[in-house]
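Asker: One letter stands for each residue in the lines below.
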Amino acid sequence: MSSHGMGVAVARKEDRRFLTGKGRYTDDIVLPGQTYAVFVRSPYAHARLRAIDTTAAAASPGVLAVLTGKDVADDGLGGIPTGWQIHNKDGSPMAEPPHPALAQGKVRHVGDPVVMVVADSKVHAREAAALVEIDYEPLPAVAHLPVAAAPGAPQVWDEAPGNVCFDWHVGDKAATDAAFAQAARVVSIDLANNRIAPNAIEPRAANGHFDATGDQFTLYTTSQNPHLTRLLLGAFSLKVPEHRLRVVAPDVGGGFGSKIFHYAEELLVLWASRRVGHPVKWTSDRSEAFLSDAHGRDHVSHAELALDAEDKFLALRVNTLANLGAYLSTFAPAVPTYLHAILLSGPYVIPAIYVEVKGMFTHTVAVDAVRGAGRPEATYLLERLVDKAAREGGTDPIGIRRKNFIQPHQFPYQTPVALCYDTGDYEPTLDMALAAIDYPNLAARKAEAKSRGKLRGFGISTYIEACGIAPSAVVGSLGARAGLYEAATVRVHPTGSVTVFTGTHSHGQGHETTFAQLINDRLGVAIDNVDIVHGDTDRIPFGMGTYGSRSAAVGGSAIVKALDKIIDKGKKIAAHLLEADVSDIEFSDGKFRVVGTDREKGFGDIAFAAYVPHNYPIETVEPGLEEGAFYDPKNFTFPAGTHCVEVEIDPETGVVQVVDVAIADDVGVIINPMIVDGQAHGGLAQGIGQALLEECLYDENGQLLAGNYMNYCMPRAEDFPRFKVGNHVTACTHNPLGIKGVGEVGAIGVPPAVINAVLDALAPLGVTHIDMPATPEKVWRAIQAAQGGAA
Amino acid sequence: MNPFTFHRPTTLADAINQMKGGNGEVKLLGGGQSLLPVMKLDLAMPSALISLSGIPGLDEIRAEGGRVTIGGCATHAAVAASSAVRGAIPALAQLAGAIGDTQVRNRGTIGGSLAHADPSADYPAAALALGATIVTDRRRIAIDDYFTGLFSTALEADEILTAVEFPIPDRAGYAKFAHRASKYAVVGVFVAKSAGGVRVAVTGAGPVVFRATAIEEALAANFSADAVPAGTVASDDLQSDTEASAEYRAHLVTVMARRAVQAAT
Amino acid sequence: MATITVEVNGQKRVAEIDPRTLLVDFLREHLQLTGTHVGCDTSQCGACTVHVDGKSVKSCTMLAVEADGAAVTTIEGLAKGGELHPMQAAFHACHGLQCGFCTPGMVMSAVDLVHQNPNPTEAEVRHGLEGNLCRCTGYQNIVQAVLQGAETMRGGAR
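From first to last, the protein sequence lines stand for chains Y, V and U.
Numbers 7 to 797, taken from the numbering used here, label the letters of the first sequence in order.
Numbers 8 to 272, taken from the numbering used here, label the letters of the second sequence in order.
Numbers 25 to 182, taken from the numbering used here, label the letters of the third sequence in order.
To be clear, the hints were calculated from the coordinates, so they are not data collected in a lab.
Please note that a few of the clues may not be correct.
Stretch by stretch, here's where chain Y covers chain V in the computed footprint (C-beta under 8 angstroms, at least three residues) [as the list claims (entries may be wrong)]:
| # | region |
| --- | --- |
| 1 | 187 to 197 |
| 2 | 238 to 252 |
| 3 | 258 to 264 |
This structure is a prediction, so every number in the text was calculated from the model and none was measured.
Note that the Cβ used here is the ideal one computed from N, Cα and C, for glycine as well.
Chain Y extracted, bound-state conformation (with noise of 0.2 angstroms):
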């Protein structure tokens, strides 16, 4: 093992740049001439425009345009378009209505951008923005679920009676009632999955320049997938070949899922800038990105689970409603079917599972892939559902997992709900976290804590999740509308030094070190003479960006196959200059060898021969060396893991405190360990925000109730106890570098952990439920309920 290769924490490459102020995001970026873009959004969630006028505003100090859904119409754009369509139980498709950039007609939920104002400065922006008068006609809204799915509710589209968007199903329903009906006993569940926002401390910013000379768009944005982006604009919003577009995604501060989309003022600072002549800035505010970047989860679900009088797992029904908001973001209807109702099967067998959920349209912003994506909520219903199996049953939470788990020698194993799992080993896992969490010693810190006045509670969850997104004609059977593969270019430059262009995109990950070693590990070349490339739709040939804990995965073996291209050609260079056959040619730890000799050339003189191909096998060989590939993975991936909680309960205020944390995933091989230990750390944060302090919270009408920082928790450092991270490798078997990914594990594993300890600790008291997020009030007033009190 090289120092800098596979399976070392290698510092990372790209960190000076962060740590000495002199990373370059989108807002940094000011472009000659730059003017600036401000939105009037609605303070309606429902709302009939009556009437727009623009004439103060236009007329106010610095103004370019002031620009209205006439506007967009009238010049053609076309609307937002969804990447994925879902069909019906009945075989229709899904009811699709149209996303204009700018209002039309009506707002649909609060922040719904109406007007647009280009000003010469930011200041003259919002100055010309408050002189904006719209003419609102407020209507009934629906922000809710079940409330949407109720007969009378307030409409969002005509064109999707009782605002189902799509009512979809899988599993095999009559296998499943089946079974239902020779369980021993049923368990169920009904619980909520907590609407949040993910809050990617980088606002979203986009700066279009429209350059008529060369008749050439550019776009900077805060973007995780230029190339989605380009191909989403090119191809149906902004309507312009793919060769006048170029979308660059400069450093991105975080994104969480919230930057896969497109999004309207990409769009429409694009289009601005044509009309205006001048490149178009927007940076949204934290409040701004509350009401327009796409919030995550929001399910409510009805669950049975059979079991035989062993305790073994006979089926599963279940039943979701999913909050998609008002309008259809990017990937939203993949969510909650295709990353949901299919990973129902978890790390168990479970003979019959049928799943049925609709995808409700209501007045709220559009809800969308948040870290995780349908699978935080998969996790969360099934891991509540098998932890109060076991309570009911009065056994124990761990053995009753242990019992239903899909054993080594079950693999590949085919759920009931699509999925064929590769590969998985899952009881060390979970012998791991118990025993990083000394959970044979539980009732000691239980004691020890209740004579501190708190109730300490452990919780439990075995996951399995799928990423490594995606084998593209599986999901283009499923409704996808794009391929989901991965492309990259590597370059070998003379002196042997190596540019890699990727088409993922790092916005944290960290991919100009890991990809570093990855080259550094298949070339010898060192890390310091590698760079990596991604964000450039003009410089990397093609990609489909980073989500989906795709990057290593697909994008990895999408640089491993062009670095295969390059050995293989290196070889044969090397056969000519080692006047030796080409199969008789081995390359390892840099040094092309005839096998069984010492007759070597290094790498970086092959590369030499390539580009000066003075004694070179010209005839047969074309001079350069720089191979291009594209990988579509075979399968998805799955991870899974054990992730255990310890919680204490301060029962006078209902405060919770998450007071340990010790989980054990197998994520397939490591690149980079202190990488991946990070990645772990960042999704717990996020899963147990998840599970204690974060909601978008809306009202009844529609109104955001946290809508900034002062009301919508973040997690803070001294939310957490230092997290204990195992690892367990079975790698994955049909990709090239045996990985599965890593960065929604914690986000997916953790939330049911948190909740399942707070009810150990409250079940002395009585309490059998509580949803997400498990706030201090909410614990308290079931305590208060369990109790018997006034609360």
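With the hints as your guide, set chains V and U onto chain Y.
Answerer: Okay, now just chains V and U, sitting in the frame of chain Y:
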């Protein structure tokens, strides 16, 4: 933010003159930790700002003659770190050290906090429980006459709060149930025991800081946490929001009062 | 308009500004010091933290005119002579950053924290960072970095 003129006088006399001579809404700027956030949201739109940061001496802190006197421009960080305050009224230093966060405490001032009179701010609880006196450019205001309602005080529009005097109690304690997001007090209870009796002030719970007289009476008889009676503050008059209902706040008043007594030194 | 004289990262800067200008906008837009970031509009996130006369403040909640006559240090002024400040070096060594957006504010707060408390416990570090939000790291490696940075700073490296 709307345009405003900015003044940074170097003497109190100049500041007073500028306050009196201002047209439209003139606002005093202390550390700006309350005023700037509301100005950024256009909830306050002064036509002129007069900064007190250029006037020497307004940040003085001293303990003498049975009281602690804190200049209006003393920052929360300065109060928290002051040996005079820590020695005389440790609960006050502890309260100051738990306002907002480090950066807020480095800018925010006691005068700004008490003039802004946010119903969830911490200082009003201490001032009311300790029986403080508000010193201005023109008079002394007893604290019992100072807080007049939500975000409103007895200060006149052009009046400058220059100092706060806190009588040193025998014992005092503060317990705060902080809003998890904003760190403001959902309920903060300050208890003070002195020769004149026991005073208990509650911030965060209602539209304005108030005294919990039933708790005061109970503690006057027996200054111990166990003596704090439950359910003496009716939820009817308390705030309700996404963080805490009025009913929960009423419960927290009891719990925080007990903890304040436990913490009292 | 108002004229201010501010020493920024050791350099005297004179500027004529609208009194409305926040310190962070002055730094980012007038001086092109874009290392100081804005992550919220309610003075919570701390991404904009800089030092004014040696103390950490949120530059989104201070008027630039209030910095007249003061010395301001931003993240760009922390490394001296191309050598990272021990706190920056510790963040690098401990993987105390991912996307890098909260990092400048986090590092500036950490330096102030250690100035106030040269030998903090882990709990004191976690509490002391209450004015800074990070969404990527779960804070674990940030806390580790601050402890390590404090140790180096105590050693008199700077």
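Asker: Under the constraints set out in the numbered hints, which ones does this structure not fulfil?
Answerer: Structure breaks no hint.
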